[in-house]
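Listed below, chain by chain, are the residues.
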Amino acid sequence: MLPHEQAALATGRRRRRFALAAGVGTAAAVACGLWLVARPTPTRLLEQGLLAARTDRNAAERLFRRALADADGQYPDAQMALCSLLARRESWDEALALFDTVDQQACRADLLLDFGQRSYRAGRRAPALEALNEVRRRHTPESVQALELLIFDYAEWERHQDLIDATRELARLQPDDPARWSELIDLLKSMNRNSECLTAIQEALRQDLPDDFQRDLRHQLVDRLIVSGDVAGAKREIAQLELDEGDSLRLSGDKLDLYRLEGDLEKALEMVTAIFPEIQDRPDAYYVRGTIYLDLGRFAEAAGDLKRAVTGLPFHNEAHFKLAQAYRALALTKEAERHRKLAARISEKRKRIGELLNQIVDDPQNRQICNDLAALHRELEEFELARRWEHRAARQSAAAGLP
Amino acid sequence: MGFRRGWPWIVLFLGAALAGCGRSSVKPATPAKPVLQPSSDATNPAGSSSAPAGESEATASAEANRPDDWFEDATLESGIRFAYRNGREAGRFYILESLGGGAAMIDYDLDGVLDLFFTGGGTISTGGPVSIAGLPSALYRNEGQRQFGDVTNLCGFEAPPDFSHGCAVTDYDADGFPDLFVCCYGRSRLYRNLGDGSFAEAGDEARLPALGWHTGAAFADLDRDGLPDLFVSRYTDWSPEADQVCIDQHGVQDVCGPGSYPGTTCQFFHNAGDGAFDDWSQRVGLAGNIRGLGVVAADFNADGWVDFYVASDESPKHLYLGGPELRFTEDAVAAGVAVSENGRAEGSMGVDVGDYNGDGLLDILVTNFENEDNALYRNLGDGLFMHSTIASGLGGVSRMRVGWGTAMTDFDGDGWLDLFVLNGNPLYHTGLSPFKQAPQLFRNRQGKRFEEVSPQGGVFFRQAHAGRGLAVGDLDNDGAPDIVTVQVNDPVRILYNRLAPKNFVRVQLAARHGEREATGARLTIEYDRRRLVRFVVQGAGYLSRFDPRLIFPVDESASTAEVAVDWPGRATETFRGLAVRQTHLLIEGRGDTQHVAP
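Residue numbers (this note's numbering), protein chains in the order written: chain A, 941 to 1343; chain B, 18 to 615.
These are calculated hints, taken from the structure and not from any lab test. Be a bit skeptical, because a hint or two may be false.
Using 25 Å as the maximum straight-line C-alpha spacing, the simulated SDA-like pairs for lysine to any residue come out as follows [as the list claims (entries may be wrong)]: (1) A:K1274 - B:A319; (2) B:K465 - A:D1170; (3) A:K1289 - A:A1333; (4) A:K1274 - A:I1293; (5) A:K1207 - A:N1132; (6) B:K465 - A:V1167; (7) B:K453 - B:G220; (8) A:K1291 - B:L449; (9) B:K453 - A:N1132; (10) B:K453 - A:A1172; (11) A:K1207 - A:E1218; (12) A:K1291 - B:D254; (13) A:K1291 - A:A1315; (14) A:K1291 - A:A1095; (15) B:K465 - B:R546; (16) B:K519 - B:P472; (17) A:K1207 - B:Q463; (18) A:K1289 - A:N1132; (19) A:K1274 - B:G398; (20) A:K1175 - A:F1216; (21) A:K1175 - B:V470; (22) A:K1281 - B:G398.
Isolated chain A (complex conformation) (with noise of 0.2 Å):
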């Protein structure tokens, strides 16, 4: 080959291999480009991992830890879900180090509740709660979930007044649900809290709330007056459920309460007289009457009445007492005693009831008190109670790894 031809040769290999490795090179910016364009963003890699974390925790792992990596190690939701991921695998100790790096006031609220809720169930308590109190915070709809976690939790604990707050922030927070407007105000009356009580139905009164409920709750709020010894109040609100609902059979017993209040024996009496056909077949109304003969001095009727009472109700202190005063004024001195012996068997039980209750506060773990509080409900033959606290017990026992 002549020297010209090899040299014509050369360029064109020259010219050919720069054409290819250009066109190597615009294709590879092309991709490129084309990969920086449509790469995922964290974002995306974050709700792809949430997507495989519901068939394949591995893949979610890759991305969420992709997420992450892309974001510098700077994003809190990833972390999150990262961490509810290593839950899920129960690799606490990974799961619970990277938790306290999160910060969790840029984390969404679905994904704290959802590594809350996790570490909840796990026994996690303490990161449980710091997760579900974040999101209790935001005021959003997870709050409601958080909230009821957390409610529960504060009467596992005993918590009273942290059970309180949570059962009235979540009232305020869904305030057109009954329920937990009902929620709050038995809550409180149970703890005898009966101002804030008062307070919580007079504010339950102002939502928007069903009829009926709004009815019930003025009743409800008849009798907190009455419970105050506020006549003048319980006067006005059952003037005005007069007007709004005639002669109603609650509405009887709201007036008899407060004819008794106010000392109008007579009036409590022709009250109960009345309504008694439809109650008869209620211990209580017997209670009610009775107490009311006692009250007037009417020993013998009380005696009659209390006695039925205590029959349908056999482990009502007040109405054991009372029968024994009744007895007592009759000079029927042994049965006096008997049934003063029994109210007083039966207030034994219920102070060391509150008793203990107030210990659990201080030692929540302890089986034996739950076991006590099982038992002492069980004699009271308050069987519900009774089960719910023999179930503390056996899950205390299980998480302890006793039999």
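Starting from the known structure of chain A, fit chain B onto it as the hints suggest.
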């Protein structure tokens, strides 16, 4: 009560005229005495303000008396400048701060008008090791015209006792002059009236080892030897070393309730007659656990033997029945005066007794803590009582208050016993009801029910107070019982009753065959076609001593009256021709009267 809907859920799970003391010799109090402090309230601890004493009084009289007020607040004009101090300024929240002090109406100079004695309370050190010190008591001599002179130092009370609460009066040495007993945290003190217008502390010769936390006391003759014995109620077994810290759910510290400390037993001291007392606590069978406050000595079961009824805080009240065997029988439960209408122990403070319903039997009124009604126990006879708060119209009316000093007294002169209750919360910040509360006045409607008339009570009733001790008696001898109240860290108040009866007779007993005051005696007079019965009792109200004289209304047209006296455990004697609007000393066995001034 009532027919309520049942609710399940979480609820289920939580379930109180002598040379040395002449009018011209009245001197001001020494600086060591408790001084008037500005009004304090729940958010302004006593002592934290530097406002002068007069400010508090100005506040007290800021509102004018109204023409139809039952009582006229005459504190400013009275010359009495005194306030019980409880040591709150130390900020230690000791339960010791809760109880307050008492007052005694005592005619110490036998001039025929009631003088006033007040316990001083004490101080608690602020920092470093705890130091609890008493403040001096105070004695004010009634100079007439509603004026009182401070004779504290002249009469020998300049030295403070231990931290003091209640007081009691009797003539323990039978020298004819009334003596004083002051209940203290530490060692209680007995002061002998020397008859020259001064008192001297009965020291070791009295053999009175009254130690512990004494609150109230009453003198009465248990063994019928003619000498008054001493019953002392004790509160709890608290000490600074055993103090608990109580913080509420909002992190606010306050005084702990009595339930935080173990109860204790009362004490009984027999008057040996040689000026000394012997501790008979065990001998008379005082046992059991009690957090004793107000105590009344009377004949509760009408058997002629003196009994003692003790209000107890957060535990059942006790009724110690006396008898010939000189051993108490604690009978409160069987008598029906131990607990509430529902059988629950209450936070009981003050107590007074009297026949409120005109059946001639002695009934009992006990003041209680918030969320509890005050308890009125109607006497059914035969030593049985029935809780009658609801039946008497007192249900709910005091539920949101904490009652202390109380009096069952005929304030309006109609022959029916009315009620007065002094209120105030021992908790500074954390109670359901405020630290300072308005007192209450209830008019007795023909023995059937009580009606609250507090708004017509007067200026004092329209204000809130940290009320505690209370004494009732006729300070100006007009026939109408007046009121002296003791507040915590605020000036004592003198309330003159404006509803003087149109006609009356005032009597005081002088027994010759038993204790001179005749505790347990029952007096009867006919008035308005009915029989009024009054009883001679000791220690009523709250940590205080009332006027020992009894006032009966008399029909307007009558110029004389007739009083029948059932001497305790002895005969009934009738005293006739008692001139109206006079005070008569009814001396046992004479069937006659001895006229005394005025």
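For a C-alpha distance cap of 25 Å, please report whether K453 (chain B) and G220 (chain B) respect it.
38 Å, violated
Can the restraint linking K1274 (chain A) and I1293 (chain A) be considered satisfied, given a maximum Cα separation of 25 Å?
Roughly 29 Å between the alpha carbons, so the hint for K1274 (chain A) and I1293 (chain A) is violated.
Going straight from one Cα to the other, do K1281 (chain A) and G398 (chain B) come out at no more than 25 Å?
23 Å, holds
Has the given pair, K1207 (chain A) with N1132 (chain A), been kept, meaning a C-alpha gap of at most 25 Å?
29 Å, violated
Taken at face value, is the distance from the CA of L449 (chain B) to the CA of K1291 (chain A) at most 25 Å?
Distance ~22 Å between K1291 (chain A) and L449 (chain B) Cα, so the pair holds.
CA of K519 (chain B) to CA of P472 (chain B), is that 25 Å or under?
24 Å, holds
Given the hint that K453 (chain B) pairs with N1132 (chain A), test it: the Cα-Cα distance must not exceed 25 Å.
Holds, at about 22 Å.
Pair hint K1289 (chain A) and A1333 (chain A), alpha-carbon separation not exceeding 25 Å
19 Å, holds
So if I understand the rule, the pair passes when the alpha-carbon distance is 25 Å or less; does K1274 (chain A) with A319 (chain B) pass?
Distance of about 23 Å is within 25 Å: holds.
Mind checking the alpha carbons of K465 (chain B) and R546 (chain B) for me, to see if they're no more than 25 Å apart?
Distance ~17 Å between K465 (chain B) and R546 (chain B) Cα, so the pair holds.
Agreement of K1291 (chain A) and A1315 (chain A) with the hint, judged by alpha carbon distance not exceeding 25 Å:
Roughly 14 Å between the alpha carbons, so the hint for K1291 (chain A) and A1315 (chain A) holds.
Pair hint K1274 (chain A) and G398 (chain B), alpha-carbon separation not exceeding 25 Å:
19 Å, holds
Of the hints listed earlier, those the structure fails to meet are numbers 4, 5 and 7, in rising order.
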